[in-house]
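J.: What follows is the residue order along each chain.
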Amino acid sequence: MTAFTRISHSPIMERGYIFNPHIVVVMDETLLADAQARPLEDLPRGGVALINSARGPIFSEDQAGHVFMRINFTDPALRIIGKPIVSVSAAAAAAKLCGLRKQHVEEAVREELSELGVRDELLEKNLMLMSETYDNTPRYSIKVDEERVGAVELVDPASGRVVYSDVFAAGNAVHRATGNWRVFRPVVDYGKCTGCKVCFIYCPDSAISLDAENKPVIDYEHCKGCLICVVECPIRAISSVREVEIFA
Amino acid sequence: MREVDMLTGNVAAAWAARIADVDYIPAYPITPQTEIIETLASWISQGLMKAKLVQLESEHSMLTAAGTASLSGARVFTATSSQGLLYGFEMLYNIAGWRAPLVLVNVSRAVAAPITLEPDHNDVLAARDSGFIQLHAEKCQEVLDLILIAYRVAEDHRVMLPVIVNMDGFYLSFTREPVYIPSKTDVEEFLPPYNPPHPFRAGRPVVKGAAVLGGHIYAYFKHNIHESLLRAGDVFKEAAAGFREVTGRFHSPVEGFLLDDAEYVLVVTNSFTSIARKAVVRLREKGVPAGLVKLVMLRPFPSSDIMEKLRGRKAVAVFDQNISPGLGGVIYNEVAAALYHVKNRPETLLSAIGGVGGKYTTVEEFEHVFHMLMHPEKTQPGKPVFLFRADELAHVQTALRLAGYTGEET
Amino acid sequence: MLVLRAFHKVLGPNVVFVNAAGCLTLLQVYPYTPNKSSWMYTAFASAPAGAQGIRDALDILMEKGRVNSFEDLKVVVVTGDGAAYDIGLQSTSGAIERGLDFYYLVYDNEAYGNTGFQKSGATPYGSATATTPPTERNPTGYTGVKKDLFEIWRSHKPPYIATVAPSHMVDMLRKIETASQFKGPKLFIAFSSCPTGWGFDPSLSVRISRLAVECGIWPLKESVYGKVRHTYIPTVLKPVEEYLRHQNRFRHLFTPRKQETAIASIQEQVNNYWLEAAKNEGFRITVAKPVTIAPP
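Protein chains in written order, with our numbering: chain A, 1 to 248; chain B, 1 to 410; chain C, 1 to 296.
To be clear, the hints were calculated from the coordinates, so they are not data collected in a lab.
The beta carbon of each residue, even a glycine, is placed where N, CA and C say it ideally should be.
One or more hints might be untrue.
As the list claims (entries may be wrong) - Covered stretches of chain B, going by a simulated chain C footprint (3 or more residues, C-beta under 8 Å):
id, region
1, 22 to 35
2, 47 to 53
3, 60 to 70
4, 232 to 244
What the hints assert, rightly or not - Straight line, CA to CA, 30 Å or less: simulated DSS-like cross-link-like pairs of lysine-lysine:
id, chain 1, residue 1, chain 2, residue 2
5, C, Lys147, A, Lys197
6, A, Lys197, C, Lys279
7, C, Lys147, B, Lys52
8, C, Lys9, A, Lys224
9, B, Lys52, C, Lys221
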């Protein structure tokens with residue numbers, strides 16, 4: 001999922017996709033390694049990759065001159081709101097980098113969330129989260145190169161034959177590693193497990209298979225962390241653990 | 001042995017489906033097409049034809065079933081008109097996008113509101129952007145012939161697109177004309193069996209119609225339809241040559257009549273072409289170098305044939321039996337675009353709109369169009385001329401009065 | 001998802017799923033598919049007609065000797081409740097009337113989920129949706145009734161209809177197996193708890209389904225040629241509140257103030273249903289007490 005925002009004092013003569021961002025907010029650091037996502041593809045020299053991460057230095061730079069800023073959005077959200085909903089955190093951090101003042105961010109968050117029906121205690125928690133993230137985001141002055149207008153190469157898409165939009169590669173979705181959707185991972189305690197197979201039956205993504213002893217084997221490449229197995233295990237042999245691994 | 005019989009356009013269409021050995025006929029009744037499916041139902045019930053005819057509960061469902069059956073490897077025939085075509089309209093784009101070859105006979109009928117039964121071409125022309133190949137018939141023989149040619153073109157692996165064959169309601173659908181019915185062996189020689197590359201079968205899983213997210217991927221597939229449609233024009237000519245070998249009858253995307261030295265030419269489609277022919281003959285008798293161009297193929301639009309037949313003419317009129325309100329005639333605008341870059345294009349390009357709602361267009365009205373071509377100073381360039389007679393207008397005024405319409409604002 | 005998995009397990013790989021627009025449509029996004037079977041996306045209103053085309057084509061081609069019986073496929077329509085209860089009801093009725101030999105699996109999440117959870121014909125009384133939001137002036141959310149699709153289908157007297165729920169997998173698998181012995185329409189309505197739309201943690205998906213069955217909100221039953229039998233009797237109905245209170249789409253019935261009348265009316269509907277069913281089939285049931293409101 002991607003979204004784009006342009007902020008300017010002068011009239012904006014563009015629309016839609018941003019190909020030369022000053023800031024890319026990466027809400028899920030596992031996307032950095034995802035072949036389909038490639039979030040940093042168009043980041044110019046000097047541009048900032050603002051990454052939701054619990055580890056690594058706050059500031060770093062790579063050989064291409066990209067600036068990496070790592071801030072933990074998820075765990076404060078879990079602590080303050082109780083759910084990994086990080087939109088206000090990302091907004092606060094990005095706004096600070098743009099030089100917007102905290103009171104304006106607060107006004108914006110209040111208005112947006114109220115329109116969505118978020119009120120009272122939940123609204124205050126979001127504002128608290130916003131404020132903490134804003135304060136924790138260091139100030140930084142972004143310097144990117146002037147936008148270069150490149151030449152475009154047009155080609156004829158004609159192929160000379162009928163091209164069908166059918167999908168012939170049955171079951172090829174298995175190549176999409178959706179395990180990086182997880183915020184929590186289920187872990188089986190094989191000492192307790194009786195091999196009742198309830199978890200296997202209830203996994204909606206077919207991410208649990210059975211080994212030779214009928215014990216569950218979780219496919220962590222595809223487990224999305226819905227945690228139905230944790231809830232349904234009759235003897236609570238599956239626990240849920242905060243997911244912090246990056247998928248290589 | 002060649003059989004000739006007096007057949008209505010509807011029955012001719014049914015015969016084409018029968019000798020093409022179609023497998024599946026999803027059906028839904030609508031005037032003036034219903035005789036087609038009644039005839040087929042009767043034949044199948046008597047064991048004269050081995051096919052499955054199933055009545056669906058709406059044209060939208062009918063067209064859906066037609067498309068998925070084709071994707072399952074069945075040769076599909078279906079028919080509708082006007083309101084039915086429009087009711088199932090989204091499916092036309094789907095069927096083309098699925099690359100499901102089939103033949104859909106449209107028996108043209110003017111579109112509600114007001115609701116009516118007589119023919120014009122607003123229904124079939126609305127489908128011109130759907131990705132269907134479009135063929136229009138002047139005579140009942142052509143209805144049969146074009147359906148057979150349509151199967152061969154549609155199922156060709158270089159094309160793989162559906163075809164609409166249009167015939168005018170009443171003027172063709174319920175009019176009997178002499179029709180030669182090709183023999184089974186002739187048809188077998190001309191039309192190979194339907195053999196799509198990836199039909200639904202156990203052991204060969206395939207996903208059809210999956211969502212495509214990503215403009216460039218969608219655009220690529222859509223462009224492929226366009227490319228295949230353009231190729232279909234050449235495949236049609238190939239097929240027509242083969243058809244002539246087997247039956248002796250020749251069809252081409254654009255046909256000329258008394259065209260050789262014609263200075264004044266009328267472009268026309270469908271059954272009223274026959275009336276226009278008479279006008280041309282009468283004018284020739286009076287020494288006027290008049291000629292006629294009939295469009296058989298509307299999609300792919302036969303630009304090069306049009307350019308070739310109309311270049312160097314003094315004045316050309318396009319007769320549209322349709323109207324795009326706020327613009328004028330549909331075919332006029334397409335012909336004009338084709339002629340724009342032609343160096344010696346006609347000095348005058350006139351738009352004549354008539355026959356809307358099936359309004360009968362007399363020989364005199366067609367002759368009148370030619371008179372306007374000969375005296376272009378009396379017309380406004382680019383502004384469509386409506387063929388509407390004084391006596392007809394008087395009749396309308398009487399009807400309005402009888403209906404209690406006073407014309408006074410309240 | 002669980003239901004789809006169950007169907008696949010019982011029916012095997014020689015299946016073509018015919019789908020109409022809905023949440024599950026996006027299981028396939030070009031060029032990926034999770035299916036090892038075939039899938040046909042049709043149009044919103046006409047999945048049953050699409051199924052008709054495939055079934056008829058395979059039948060006539062087998063009859064004409066152009067396709068072998070081992071190449072035959074089972075045809076399964078898969079749609080959400082939007083397609084089944086509303087826009088596709090017409091084509092479903094037609095397919096049942098024609099005795100089409102197919103399966104129909106409806107995943108019922110009680111709204112148009114794919115487009116952001118707007119009300120559908122399957123939305124129950126009291127539910128908040130994007131087009132029936134609870135406000136000061138209209139505090140209850142949706143004030144209409146959930147269409148009884150089971151009864152609409154049953155009036156056609158098809159060979160087999162069943163309601164299923166992912167919390168009761170044995171019941172579901174048995175029903176799919178029972179259905180497979182019939183030729184003709186075999187129709188399923190599956191309770192599909194939707195974390196995003198209903199507002200609860202995904203881990204509770206199966207638990208919510210279990211509550212729906214235990215509170216009597218989602219009766220598990222089957223109909224064979226029109227004759228109904230409940231396959232699971234919740235002998236002591238849990239109060240509907242237990243089911244409603246865990247879902248954000250019903251939260252407005254509890255805060256800022258508890259809407260006793262609305263909740264009581266839901267309870268009463270559930271009670272009446274089960275008392276009637278008990279009478280018809282001769283089983284015993286204890287209904288939950290509706291909350292009574294003392295007059296002011």
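J.: Please count how many residues of the region 22 to 35 of chain B have a CB within 8 Å of a CB from chain C and say whether that reaches 3.
T.: With 3 residues in contact (Cβ-Cβ under 8 Å with chain C), the coverage given for the region 22 to 35 of chain B holds.
J.: Taking beta carbons only, do three or more residues of the region 60 to 70 of chain B come closer than 8 Å to chain C?
T.: n = 10 at 8 Å, threshold three: holds.
J.: For the region 232 to 244 of chain B, do three or more residues have a beta carbon lying closer than 8 Å to a beta carbon of chain C?
T.: violated (count 0)
J.: Between B/Lys52 and C/Lys221, does the CA-CA distance stay at or below 30 Å?
T.: violated, 35 Å
J.: Regarding the pair A/Lys197 and C/Lys279, is the alpha-carbon distance no greater than 30 Å?
T.: violated, 38 Å
J.: Given the hinted pair C/Lys147 and A/Lys197, is their alpha-carbon gap at most 30 Å?
T.: violated, 36 Å
J.: Just to be careful, I want the Cα atoms of C/Lys9 and A/Lys224 compared with a cutoff of 30 Å; is the pair within it?
T.: holds, 22 Å
J.: Three or more residues of the region 47 to 53 of chain B near chain C by CB distance under 8 Å?
T.: Our answer is that it holds, as 3 residues pass the Cβ test (under 8 Å) against chain C, meeting three.
J.: Assess, step by step, whether the Cα of C/Lys147 is no farther than 30 Å from the Cα of B/Lys52, and give holds or violated.
T.: violated, 35 Å
In terms of the numbered hints stated before, the structure departs from hints 4, 5, 6, 7 and 9, listed from lowest to highest.
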